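Knowing the structure of chain V, use the given hints to seat chains L, X, D, Z, P, S and G on it.
Now for the letters of each chain:
There are 8 protein chains.
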Amino acid sequence: MSPERLRELLERVQRGETDLGQAMAELRSLPFRDLGAANVDHHRALRQGVPEVVFGEGKSAEQITLIVAEMDRAGHDVLVTRLAADKAAEVREHCPELCYLPVARIGRLQRKPPRARPCAPVAVMCAGTSDVGVAEEACETLAALGIGATRMFDVGVAGIHRLFDRVHELERASAAIVIAGMEGALPSVVGGLVACPVIAVPTSVGYGTALGGLTALMAMLTSCAAGLTVVNIDNGFGAAMAVHRLLPRAPAA
Amino acid sequence: MSPERLRELLERVQRGETDLGQAMAELRSLPFRDLGAANVDHHRALRQGVPEVVFGEGKSAEQITLIVAEMDRAGHDVLVTRLAADKAAEVREHCPELCYLPVARIGRLQRKPPRARPCAPVAVMCAGTSDVGVAEEACETLAALGIGATRMFDVGVAGIHRLFDRVHELERASAAIVIAGMEGALPSVVGGLVACPVIAVPTSVGYGTALGGLTALMAMLTSCAAGLTVVNIDNGFGAAMAVHRLLPRAPAA
Amino acid sequence: MSPERLRELLERVQRGETDLGQAMAELRSLPFRDLGAANVDHHRALRQGVPEVVFGEGKSAEQITLIVAEMDRAGHDVLVTRLAADKAAEVREHCPELCYLPVARIGRLQRKPPRARPCAPVAVMCAGTSDVGVAEEACETLAALGIGATRMFDVGVAGIHRLFDRVHELERASAAIVIAGMEGALPSVVGGLVACPVIAVPTSVGYGTALGGLTALMAMLTSCAAGLTVVNIDNGFGAAMAVHRLLPRAPAA
Amino acid sequence: MSPERLRELLERVQRGETDLGQAMAELRSLPFRDLGAANVDHHRALRQGVPEVVFGEGKSAEQITLIVAEMDRAGHDVLVTRLAADKAAEVREHCPELCYLPVARIGRLQRKPPRARPCAPVAVMCAGTSDVGVAEEACETLAALGIGATRMFDVGVAGIHRLFDRVHELERASAAIVIAGMEGALPSVVGGLVACPVIAVPTSVGYGTALGGLTALMAMLTSCAAGLTVVNIDNGFGAAMAVHRLLPRAPAA
Amino acid sequence: MSPERLRELLERVQRGETDLGQAMAELRSLPFRDLGAANVDHHRALRQGVPEVVFGEGKSAEQITLIVAEMDRAGHDVLVTRLAADKAAEVREHCPELCYLPVARIGRLQRKPPRARPCAPVAVMCAGTSDVGVAEEACETLAALGIGATRMFDVGVAGIHRLFDRVHELERASAAIVIAGMEGALPSVVGGLVACPVIAVPTSVGYGTALGGLTALMAMLTSCAAGLTVVNIDNGFGAAMAVHRLLPRAPAA
Amino acid sequence: MSPERLRELLERVQRGETDLGQAMAELRSLPFRDLGAANVDHHRALRQGVPEVVFGEGKSAEQITLIVAEMDRAGHDVLVTRLAADKAAEVREHCPELCYLPVARIGRLQRKPPRARPCAPVAVMCAGTSDVGVAEEACETLAALGIGATRMFDVGVAGIHRLFDRVHELERASAAIVIAGMEGALPSVVGGLVACPVIAVPTSVGYGTALGGLTALMAMLTSCAAGLTVVNIDNGFGAAMAVHRLLPRAPAA
Amino acid sequence: MSPERLRELLERVQRGETDLGQAMAELRSLPFRDLGAANVDHHRALRQGVPEVVFGEGKSAEQITLIVAEMDRAGHDVLVTRLAADKAAEVREHCPELCYLPVARIGRLQRKPPRARPCAPVAVMCAGTSDVGVAEEACETLAALGIGATRMFDVGVAGIHRLFDRVHELERASAAIVIAGMEGALPSVVGGLVACPVIAVPTSVGYGTALGGLTALMAMLTSCAAGLTVVNIDNGFGAAMAVHRLLPRAPAA
Amino acid sequence: MSPERLRELLERVQRGETDLGQAMAELRSLPFRDLGAANVDHHRALRQGVPEVVFGEGKSAEQITLIVAEMDRAGHDVLVTRLAADKAAEVREHCPELCYLPVARIGRLQRKPPRARPCAPVAVMCAGTSDVGVAEEACETLAALGIGATRMFDVGVAGIHRLFDRVHELERASAAIVIAGMEGALPSVVGGLVACPVIAVPTSVGYGTALGGLTALMAMLTSCAAGLTVVNIDNGFGAAMAVHRLLPRAPAA
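Just so you know, the sequences run in chain order V, L, X, D, Z, P, S and G.
Using the numbering used here, the first residue of the first sequence is number 1, and each one after it goes up by one.
Using the numbering used here, the first residue of the second sequence is number 1, and each one after it goes up by one.
Using the numbering used here, the first residue of the third sequence is number 1, and each one after it goes up by one.
Using the numbering used here, the first residue of the fourth sequence is number 1, and each one after it goes up by one.
Using the numbering used here, the first residue of the fifth sequence is number 1, and each one after it goes up by one.
Using the numbering used here, the first residue of the sixth sequence is number 1, and each one after it goes up by one.
Using the numbering used here, the first residue of the seventh sequence is number 1, and each one after it goes up by one.
Using the numbering used here, the first residue of the eighth sequence is number 1, and each one after it goes up by one.
One chain only, chain V, in its complex shape:
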């Protein structure tokens, strides 16, 4: 509630145009409303062009169907992350308009394409072919946010010439999401090559000493390349949302 609106309300009370009950109802919801408004504004800002997001893991197909249907009725776009193929099939029986992206394991219901963001594409890089699922989760989340992605897959450090072949493309990116399992070395190399924001995503790819992704995670956090930041293991969605926070928004239409 802006000062202007508050003053106007009080003037109406002063002039007797608004009775006390109505004024109190309006004011009583203030304590959290302004905060709410702030939140909502921010949420609006944060979510501008962002579909509602449902975390699909650990929810039944039935539960997901209910949520998606409800949001559909409310006119919201929806992104269901970590959605297994069999559950997606069940959900799509009732919500056929939900589009399923099997590699990214994302279900998407988006009425019209998001407005394109005014920036260069984001480089989404991954070290090995087994990291592609996480990379696609990042790419598709970016797509749903109106942000373009340049896929640079299978450019791990053990065959580092594959990375160098694409340095020029990399240099043009507005940000880089760098995904790696195993020893998680790729972000350190990329962080030394480019000046843009680099968000590192460890993956659970590997066995034994990979420790389910903890080794890559710890390696990325300990990177000798300054200014890297890191998200949770396999969290391609989170990396895309971090990019969403740092790129300029589309100007209001």
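Quick caveat, the hints were computed from the structure, so don't treat them as lab data.
If you're wondering where the values come from, they're calculated on a predicted model, not measured in any experiment.
Think of the CB as a built atom: it goes at the ideal place given N, C-alpha and C, for glycine as much as any other residue.
Please note: incorrect hints may appear among the correct ones.
[To be verified] Per label pair, the in silico range of CB-to-CB distance:
id, chain 1, residue 1, chain 2, residue 2, range
1, S, Asp86, Z, Glu169, 48 to 58 Å
2, P, Glu90, G, Glu52, 16 to 26 Å
3, D, Ala89, P, Glu90, 18 to 28 Å
4, V, Glu171, G, Gly148, 39 to 49 Å
5, G, Glu17, P, Arg166, 30 to 40 Å
6, V, Glu171, L, Asp19, 28 to 38 Å
7, L, Gln63, G, Ala84, 11 to 21 Å
8, L, Gln63, S, Asp86, 52 to 62 Å
9, G, Glu97, L, Gln63, 28 to 38 Å
10, P, Ala84, S, Arg162, 41 to 51 Å
11, L, Pro113, G, Glu97, 52 to 62 Å
12, G, Gly148, S, Asp86, 48 to 58 Å
13, Z, Gly75, G, Arg7, 40 to 50 Å
Okay, now just chains L, X, D, Z, P, S and G, sitting in the frame of chain V:
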């Protein structure tokens, strides 16, 4: 080496203006030179207005003095991070122009102030008074990069009204560096309140189950607020460098 | 004290050779003599209105059926915790009076409702919808103990206005059970808002750095809000039992 | 702001007794004020008779002196926890009225004794003589809160008759704080003996597999005795604060 | 000793140039000469009355069948540990004389009962009903070694009177195998009650902070009762073998 | 059983209203009746010839002096374990009769030598020279218990011929305490060579992946040699006490 | 690009025999080409006689079929590691020429046998029968590289005479791959017996404290035998590749 | 073989009842007969030109002096690793011929230079200046073994052009020891560039998530570059010894 310069070189060879030995010397260093150039360019981009950084921990006062003196001679600005007070005193005996910031544990030798970056200040928040050292490391690094900081200290979640008193300031920030030890809950709350980039820094503050900062680190990586990113424990410098990567650069003078 | 010595003592009493005071002194110092009684009394006190509890995990449907049937014959009420739906169905074929609560994963056989405890309801709060199973385990255990619960679900810190909307309700609670997975930040915020006992329950919700609930557990134990206490991961039952210990008992009928 | 006060304010506006500027000033601060008030009320409730608490570890004697002096000026009572003997001596040079308890490592500045709480003493038990420091931290914190403590030290499970000798005392306690290092078994035994609230405190006593207290912590959380709750390693202060939350308050004078 | 030297030595013996004492001295010091014999002797001593042991986990029914059949042909008794019920059924189709003990998960092929060992029975204690499988593995291994066992199940510390009811039996035992999951507190209590050897076995019973048995393991190793020893998680077989090492052997027939 | 009920029972006996059999039945079931005595007996059995043991680590020289002096007055023998040399010197200023063993870090006050135990010496083996302190702690504890020890030091598996040179001695031992840091492999080899009880002691010797002794500990617990048992890291005292439990006692004089 | 070829190119430019566009195309790919060439050379050296390797775990049968078919078309030999039997069956429906080795879990498509390497066989040793799968992965990888292997299985340290029976064979090996699960002690013993390169492979065999192979891994890294090196848990392939790096190559045909 | 049987065999030889071939066959199979010799031979082979090695950490200057003096008298060369500067000074007071290398923290007493090994130098690479101590430990150990080293320091992946500048040198190395702390990424890159043996050494350089070197260790073990092997954290000596095992020996003089 740009295509233009390469063409020009070959034309000079073709026209006989450049002898083969000279051309070969120029070309032989190509394999890594262009890459180096790219790197250097990037480094230049990345380091535009950034002093050289020396990690002071585990180096003797003597070693640090040598490095600082050498960089001083070369005309580089220097930032020595994690520099203990007693070492700083020793270094300053030989390099009195090195300014020491005891809370941030930073030594700084900067001939002229950095060019101010064209953006709103960064909110540097910390949960408790014991996190102030890390927060100051972030603030002073930002300062050395020409980026302003709004200090919001002691706004931890156990007295959450202190945070809410400063929400409006927070909303104006171009990015937030959120520093917390103990259970590391502050970034989750901040991430839900604002839309800007939020970089979380766990600290080693606490005892027992704080596990030297690992608990805060893991909590931040697992945050339910989407799009947070995280750096190493106590790494205020790294958080500032991540901000440096994502904020717009000062236009070339 | 050997049977012989005891018999001899009693014979002396019988023959009037030992007076009662002396005999009692001798018997009273029998080590731990009263302890059993004390224990039994306490067990009675502790279990006043508490059904017998069977930990269902790792037991076969057959074993559970036997235990429930035996307790039923003995007239005891029974609570079977962590009881999977398929096992519950099997048990109910033989013990149809066992009522099954699928979300709480509790089987309950209670002949008459427990006597209501003389206190305000307990706030049972959880951060996300995935924590509801643990929250319901707490609520249903409380119900079986005659303690009312106010459910406040999905009030996690990333959308903290949802929590603040319910602060007044929270203030009226006689205790709060605060359940959260992921980074486990909710109990710290709640602990700073209210003065009543707060029992934190970490859940195994999350992936990667959630470490199966260890991250939330460690975060809660390290909380900067003073006077929180914590129970095992996913242990909604244990939290309810802790509340049972601290609330006043129903007066003897 | 209660509805009554809000109505009264609006009536004054309606009657022209309050001008708009004044009304707006009063209302503008609403968003966080009511929350703040709630907090403050709660804080007041929570802190009724509770001195301000300063965490002494990691602060210099100089910093502690400043804080204590400032609180002294403001008329607040102060408790400095985890205060090393040498720092305490330094602080006491400037604040001689700060009383130092070396075993509990607590500095206390309390003008008049706290009002006694209307409840039986709390049993503060510890397994071995090395746990006495943590036990004293709990006892002295309770004392500062007006809560009596019955010390039962050195009653560990390897000589369990020592515990049983004191069962009757234990039965009369309004709550039990059970402190143990090493394998941390004592709370399980106590939890099976008494019906009152039991708060377990692991300590860092031991070597090798004691893992700095983590073994005792994990053992306590996994206890087979229902309804135990646990606080951080060595956190005698936290256990006392948890007791403070669950015991009845002294009636307003 | 090279063949040449050996031949030369024997030739000297043959020619009478070296007397037998000298030759034996030379040969006796052949490195490790007696070792093999010693090993065999020891193995014989160690295995006196001990069936061959096959670790069943991770072997297919087919592989187990082959091994059992081969040992059967060679006249050896066999114990197959950690043998799942379905595999046992498959093995028994070909080796019907293999007797299967489902709770202990042991397959046993023993032609005649082992000779009884000249000692009192071993107390095999476990804290909860979920530990019974491990306890039975210990009991059945003891039985196959000719050692009697007194089963004391479900005597955990949270209801410590159940343990005390059986103290007299416990006192008569020649050794105690004490099995516990969860917090693993039982061995500490037993170790303080009796003077005989106490071997502690942690089990993987429990969830969350039980950490798959690591909590019980660490607690047992850190026990404050002196002279306890510990074996691997769930290793009832190993505990029985440790008892086998320490009890007197049956005299040669 | 309350005093009232006990008095009433005795009165009935006195009046001849209750016969002895019935009275005894009632009294015999007094829970834990004999337990105290049993405990004391056992403690006596367990401690026959065992000095009182004081854990010296974490206690001040002043505290140790007090305890030792008190025990000295009471006529008890004393063993102070983990006693640093400087503390020992301080204690010996007041208790000059305390003998200090610097390698074992044991202080011993024993008026007359313990009675020799009727058994062959115990083999105390260690893998490297850095394990000697722990080995001496075991040897000196054994000595204080009247048990002889054969020292076999520096027989680690990387030079396994050193071990084999002493196999015959090893075969004659009544038990083996096998001490090793680093990878902790020695107990597995010894356990395969001899049939006697083998108690493994991991040490904190090593760096990096030695993990302060956890690697050796885990390796020993996972040993493929059946029937090994393990004690805490560096716990030479505990291993000796375990041997004390399993060897025959000296016959009563 | 060798200096000779560069000079020749420039001479052609100088002489006008090569136009600028063609020269530039040739030179423009220099920056990474020379490096690539180096890599390729090395890769050629490294891979001389080495089939392409596909990591089969976490890939679908369909994906593996595509890759194998493509490589087959390109004339490359292929090794698919960690290939489950059921997937192998599916792949072989489309690529019947892929030979499947079930114990090694390797699929191999190799047109002609590799050229034999000029060196003695490699000793591939494993401690127990459960380690055979990893051992076979090593042996079959060696075979595909033209390197012979001497299998020494089931020679673990708990029955160390089995190892000593084969010492002479071991002494003739050009390198030793030593595979062990459980406590991982075998490499330390072997490392002390032979002078050749010893590569230790921990396996995930065991339960409880085996920690999925981490215990064996840490034990091997902490080995007291100097000069051992270690690879990832269960990584028989990696050990064979390490041997491949250190053995002499077959001379060019 | 018992003495009786041995005597009987020799008597049969003496009496001519057993021919030599049969006697030899019987004796040759004496278990482990030749083993000792074999061991000694091997040790000789393994240690050809290798000084005796003393692990200096955790030994007093006095102990080291004794060992060095004794070896000196026996004519052995000595290498003392992990020798702190102050201890070295003390030792050198009594053994002035011991040369101390402070960066490598090695004390060396070598009468004449070792014979040079017939192979190209080993590349000893490290990622940062803080790793130089470990690198020098490797270089000086190599030197003592007669193996040359090419130092390539400060070539970490965050400035990867520094590595590429030295690729040609690297390609000529007979083996590479690659040392890195922090995220430990360098060995992966090097392993992809060269075909020679690559031994990775993690260092304890870093803070927070570096976890004292565990992060680098785990990263190296999980490396995506095939055929890398790894040694313990900070173990430059071990890496040099591994190289010693794999390089050809100097021909016998």
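Now for the hints, and whether the structure bears them out:
1. S/Asp86 / Z/Glu169: 48 to 58 Å: Since S/Asp86 and Z/Glu169 have Cβ atoms about 53 Å apart, the given range 48 to 58 Å holds.
2. P/Glu90 / G/Glu52: 16 to 26 Å: Cβ of P/Glu90 to Cβ of G/Glu52: about 39 Å, so the range 16 to 26 Å is violated.
3. D/Ala89 / P/Glu90: 18 to 28 Å: holds (22 Å)
4. V/Glu171 / G/Gly148: 39 to 49 Å: Roughly 40 Å apart at Cβ, these two residues keep to the hinted range, so it holds.
5. G/Glu17 / P/Arg166: 30 to 40 Å: Distance hint for G/Glu17, P/Arg166 holds at roughly 36 Å.
6. V/Glu171 / L/Asp19: 28 to 38 Å: About 34 Å separates the Cβ atoms of V/Glu171 and L/Asp19, which means 28 to 38 Å holds.
7. L/Gln63 / G/Ala84: 11 to 21 Å: holds (18 Å)
8. L/Gln63 / S/Asp86: 52 to 62 Å: holds (59 Å)
9. G/Glu97 / L/Gln63: 28 to 38 Å: Since G/Glu97 and L/Gln63 have Cβ atoms about 30 Å apart, the given range 28 to 38 Å holds.
10. P/Ala84 / S/Arg162: 41 to 51 Å: For P/Ala84 and S/Arg162 the Cβ distance comes to about 46 Å; the hint holds.
11. L/Pro113 / G/Glu97: 52 to 62 Å: holds (58 Å)
12. G/Gly148 / S/Asp86: 48 to 58 Å: Holds: the Cβ-Cβ distance is about 52 Å, inside 48 to 58 Å.
13. Z/Gly75 / G/Arg7: 40 to 50 Å: violated (32 Å)
In summary, the numbered hints that this structure violates are 2, 13.
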